[in-house]
Amino acid sequence: MANPDIQPSGASGVSEDAAIQIIGMHKWYGDFHVLKDIDLTVYRGERIVICGPSGSGKSTLIRCINRLEEHQQGQIIVENIELTNDLKGIDAIRREVGMVFQHFNLFPHLTVLENLTLAPIWVRKVAKAEAEEMAMEYLERVKIPEQALKFPGQLSGGQQQRVAIARSLCMNPRIMLFDEPTSALDPEMISEVLDVMVSLAESGMTMLCVTHEMGFARKIANRVMFMDEGEIIEQNEPEEFFNNPKSERTKLFLSQILSH
Amino acid sequence: MPVVEPFVRTEHCPDLPPPRGQTGIVHWIRVNLFSSPFNAVLTIASLYLVYVTVVPLFTWGVLNADWTSPNNLDRACQSEGGACWSFIIVRFNQFMYGFYPHEARWRVDTAFAILVISLAALMIERVPYKKYIGLFVIVIYPFLAYFLFLGGGVLEEVDTGQWGGLFLTLVLAVVPIAVSLPFGTLLALGRRSEMPIIRSVCICLIELPRGVPLITVLFMSSVVLPLFLPPGTYFDKVLRVLVGMSFFAAAYMAETVRGGLQAIPRGQYEAAQAMGLSYWKMMGLVILPQALKIMIPGIVSSFIGLFKDTTLVVVVGLLDMLNVITAATAHSNWLGTNIEGYVFAAFVYWVFCFSMSRYSIYLEHKLHTSH
Ligand SMILES: Nc1ncnc2c1ncn2[C@@H]1O[C@H](COP(=O)(O)OP(=O)(O)O)[C@@H](O)[C@H]1O
Ligand SMILES: [Mg+2]
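Residue numbers (our numbering), protein chains in the order written: chain A, 101 to 360; chain B, 1022 to 1392.
One should not assume that every hint holds.
Partial selection, computed: residues in chain A whose CB lies under 10 Å from chain B [said to hold, decoys possible]:
1. 160
2. 163
3. 193
4. 205
5. 219
Hints listed in this document are in silico derivations from the structure and should not be mistaken for laboratory results. The C-beta atom is built at its ideal place from N, Cα and C for all residues, glycine as well.
One chain only, chain B, in its complex shape:
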């Protein structure tokens, strides 16, 4: 009898490639864009829409655009049917700093660079000494920035009347938000207080600004507030606006904080009390740290809102970035450049707001996955 060797497979059978038409770009297009007649029509319609919007925009903004930075302004922007970016290029510094003196602009740059670096250090997890960086930002930085912006002593003084552009926009957004965090928190705690007087005062301080538009608050702070001050006191216009906006921001922040506080279960308060923690220690060590995590998206979105609302200071005659741009388009050399100006302004606002909202999404995601 012949010996039949039994067949034993000694290695794994390799996976077969999928049949053609199941993978690759053709497959993807078929599944995602042309899966039904209706989808096919939608796809073609969308492509057409993209074609009629993007092509002219591209022609206007890039192909036919004037990018030169001319020495002779009479010869700027001669081309037809294209954007006049020369306008932005020539006036760029003014859009950034307003009428801040040229030779002092390094002070603005320095102050913002320090702020950006410290905030980045706080946001990046690996950086050590966060406690000291945080203390620096909260305690020392405000004085440093005040000194750099306004001057005095060794630095040439710069009146706030010369402030403007993106610089002013950022000051008007950052200061009220920074002020509103502690004050909003206090208002929120006061609103939950069991003492009737404190509670009513806090409710008034929260609901009054929330019940009126920001533009009214700005009018009030620049027109009505001085009436209550003793005659002869000089109260800087930017400062008045900052007070009004901080007040407004704090009221909204208080509601954000209150929402965060409400999400903390009662058991957390009870455990902290049972351990003998005082009210302020309970809030500072147990409740607020937990509430803060919940509040971050709300804080970021009020910051975005406030950032955009800074443009309203035009009503009291301050020249933030948008208003500097609008003013510049009225100049006889640059008549007809409104569109370029607004596109540029929109782009800058969008970059800021979009990065903030991305950061907030990132934070939310991180807090969801960590403990």
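Just chain A, same shape as in the assembly:
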């Protein structure tokens, strides 16, 4: 069964402070109970990989963390701010939390550089020159500085997703959420995006990744979580999780995704 009190594995950079605390959280879409009694604590510097069958509520869970979806019961506390209807709190949390989407969601009418500087300039009120300098640094980090003046439509999927990651990083977030960042990519582009995510993990970023890239999970996760039908069924360190799954549903799921 779910074990919300699991302690950080003691791996490097994981602190005792909670970055995200979710307590007894429920969410409904109309009559449909999509998230059921979720308890989850994410410690600062921790990397969590969430997997589970399609429709199990993984996206909904991480979208509740930055209020793209509203929860109806329970508490979500991010960086010591509780998510309520208070718009100031929501804005403050969104400044601390970056999100990367399955379909990149870059702004097609803006150049790569403008995509990166938009939020720093308009939300954090950074001067344009400074924002551009910072944007170029992040583009170097995701290894595509030469694409700065192109439009998103001119880039490959892998390049677009790396731009999307850089765009989130430009806001200097303390937490990064990833919703299946590689599942819309052609196979040969997956590794360039995963490489960026690995280097981000090594820099100590707190990360919540919904992904079925199990190699990636083994490499960087402190904890792997399995969700099904709106519940967290099982969570554990990667080795234990993959080699010794407890629940039948986890075993079935792992056998399905590892078989191909």
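Fit chain B with the ligands to the supplied structure of chain A, relying on the hints for placement.
Leaving out everything else, chain B with the ligands in the frame of chain A:
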């Protein structure tokens, strides 16, 4: 043994010309006009139709037409079976300006010249400082035009009762469209709002004008609106019509904008929200710029519609171009010139509408190919 030099071609063999009958005008005619007996009949029938329509039209409009601009109006248009363009020539200025005082007409010309030059500068890609030109058009130009048209201060005052002709037509078309862009956008955003009161108010403001013909809106604004104002307030007739037409145009614009907004994928909203952009910044920086590109054809076509609908102001007694022309044909000197008048009016409307529709096609094409 004699040495046989092997044959090696050292240069490219030139292309042979195609056989006769595969190219040239004869070939084109054969393929496009006479490819089958049915097509041949159609071609001949069409040629006949062109002959019976164009030849009389040409005879009437050009060969037998009277182009003089006579000093003595009694002697104008004596020729039989031809168009009387003298009518248009003599009355041209009135068709353009209505009863705007002669000595002040340069003000109208100046205002329109400034507008045309600024808009052209905005439309031509190479022109720099677009931001400042745009700001000028939006912020300063309305006051400048107001001052030039109405006068006051150093300029002689011109009452709106003297406005007319193409000048009035353009004012009645441009002002409502300009006003409808921001208001239509606000109405469209309000209609999508999650706040029930704002949403219902916006739905009413959109659906009421859309549910009635423009002519009703014009009647309402010139007859009913004054009833709601405190007695004694003077509310200019042209202004009343402008208010009514702006209201009408904004309602249609709101639906155009809403269509544009609906075409923007949800992911764009979510990415903007996740980055912490506020609602207005998200709309202004991310959503509307993208929606605008989609909306341009719709905006242009509502502009064309409104431009033609300005003729309806005849019901409240304003003399826009068509109505000035109609009035002029009733003058005893020019009886029987209705056809010339209407042909001229149709030509002017067509030139405006056709250029707008070409521009919209050009824009659509450009937006398709660029990013
Ligand atoms: N906006 C919505 N309205 C109603 N149902 C939704 C909505 N979004 C998702 N769902 C439903 O919620 C369930 C969980 O969705 P999601 O979190 O996207 O799953 P996952 O990301 O694990 O595939 C699915 O059954 C989906 O159909
Ligand atoms: Mg999902």
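Do the hints match the structure? See the list:
1. At a threshold of 10 Å, the smallest CB-CB gap from residue 160 of chain A to chain B is about 13 Å, leaving the interface hint violated.
2. The interface hint given for residue 163 of chain A holds, since its Cβ lies 8 Å from the closest Cβ of chain B, which is under the 10 Å cut-off.
3. This hint holds: residue 193 of chain A has a C-beta 9 Å from the nearest C-beta of chain B, less than the 10 Å allowed.
4. For residue 205 of chain A, the interface hint holds, the least distance from its beta-carbon to any beta-carbon of chain B being 4 Å, beneath 10 Å.
5. For residue 219 of chain A, the shortest C-beta to C-beta distance to chain B is roughly 4 Å, which falls under 10 Å, so the interface hint holds.
Checked against the numbered hints given earlier, the structure breaks only hint 1 and satisfies all the rest.
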